[in-house]
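Q: Turn these sequences into a full structure, and let the hints guide you.
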Amino acid sequence: MPAPIILDHPLIQHKISLLRDKNTGSKDFRELVSEIAMLMCYEATRDLPLKEVEIETPVAIAKTKVISGRKVAFVPILRAGLGMVEGMLSLVPAAKIGHIGMYRDPETFEPHEYYCKLPSDITRREVIVLDPMLATGGSAIDAISQLKSKGVQNIKFLCIIAAPEGLEALSKAHPDVQIYAAAKDECLNEHKYIVPGLGDAGDRIFGTR
Numbered sequence: 001m002p003a004p005i006i007l008d009h010p011l012i013q014h015k016i017s018l019l020r021d022k023n024t025g026s027k028d029f030r031e032l033v034s035e036i037a038m039l040m041c042y043e044a045t046r047d048l049p050l051k052e053v054e055i056e057t058p059v060a061i062a063k064t065k066v067i068s069g070r071k072v073a074f075v076p077i078l079r080a081g082l083g084m085v086e087g088m089l090s091l092v093p094a095a096k097i098g099h100i101g102m103y104r105d106p107e108t109f110e111p112h113e114y115y116c117k118l119p120s121d122i123t124r125r126e127v128i129v130l131d132p133m134l135a136t137g138g139s140a141i142d143a144i145s146q147l148k149s150k151g152v153q154n155i156k157f158l159c160i161i162a163a164p165e166g167l168e169a170l171s172k173a174h175p176d177v178q179i180y181a182a183a184k185d186e187c188l189n190e191h192k193y194i195v196p197g198l199g200d201a202g203d204r205i206f207g208t209r
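Each residue of the sequence shown is one higher than the one before, counting from 1 in our numbering.
No wet-lab data here; the hints were simulated from the structure.
Careful, some of the hints might be misleading.
[Stated by the list, open to error] Cβ-Cβ distance ranges computed for the label pairs, FRET-style: (1) SER17 with GLU86: 33 to 43 angstroms; (2) LYS27 with VAL195: 18 to 28 angstroms; (3) PHE109 with PRO49: 13 to 23 angstroms; (4) GLU190 with SER68: 45 to 55 angstroms; (5) ASP105 with THR64: 45 to 55 angstroms; (6) GLY25 with HIS191: 16 to 26 angstroms; (7) ILE97 with ILE6: 23 to 33 angstroms.
[As the list claims (entries may be wrong)] Listed next, the in silico DSS-like pairs over lysine-lysine satisfying Cα-Cα at most 30 angstroms (straight line): (8) LYS156 with LYS96; (9) LYS117 with LYS150; (10) LYS96 with LYS15; (11) LYS117 with LYS96; (12) LYS172 with LYS184; (13) LYS51 with LYS192; (14) LYS27 with LYS65; (15) LYS172 with LYS150; (16) LYS184 with LYS148; (17) LYS22 with LYS96; (18) LYS96 with LYS65; (19) LYS156 with LYS192; (20) LYS117 with LYS192; (21) LYS184 with LYS27; (22) LYS71 with LYS172; (23) LYS71 with LYS51.
Every value quoted in this text rests on a predicted model; they were computed, and no experiment measured them.
Virtual Cβ for every residue (Gly too), placed ideally from N, Cα, C.
A: Right, here's the structure in full:
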């Protein structure tokens, strides 16, 4: 079981501080989520395979490397995961995008799926599931289970803020999935919100209540 990777890069940590601030408006919040996702994408794609090619420069022939083999798909969990897509695509513009829609029952806190649309070649791609918040882990667990039921084998999960409870639950349910988080917070409160967290990421991204 791979241990969750908590990214402690100074740029990421600085942007998370701004993201947490309750006075940060939707426009700046969206931009910060996108920027953090881009920085996380850099780390999450570190193990993509390479092959050597020859390139003719203005001076000589250079032996250099390009990405080989596995193609990538990003699958945001709706709706908050949409905020991370643009930043990821800025580094991997050829990636395909799938969508899985989940909502959390406000009384039971259980996730319910209402939408799933994936690229036709999803099983041949390395899939990176995106959701800014990993709270109970329920939505992430169900989304990844849905992908596995479609035959997807190479899956990673990226979140910005993670609760210990969510990390434990997701690692237990899907021990083969590498988790990347930008911050590990203290706990969940009685309403299953991450503490200190940053509130409801979807509401803050889209300016809703």
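Q: Could you work out which earlier hints the structure fails to respect and list their numbers in ascending sequence?
A: 1, 3, 13, 14 and 17
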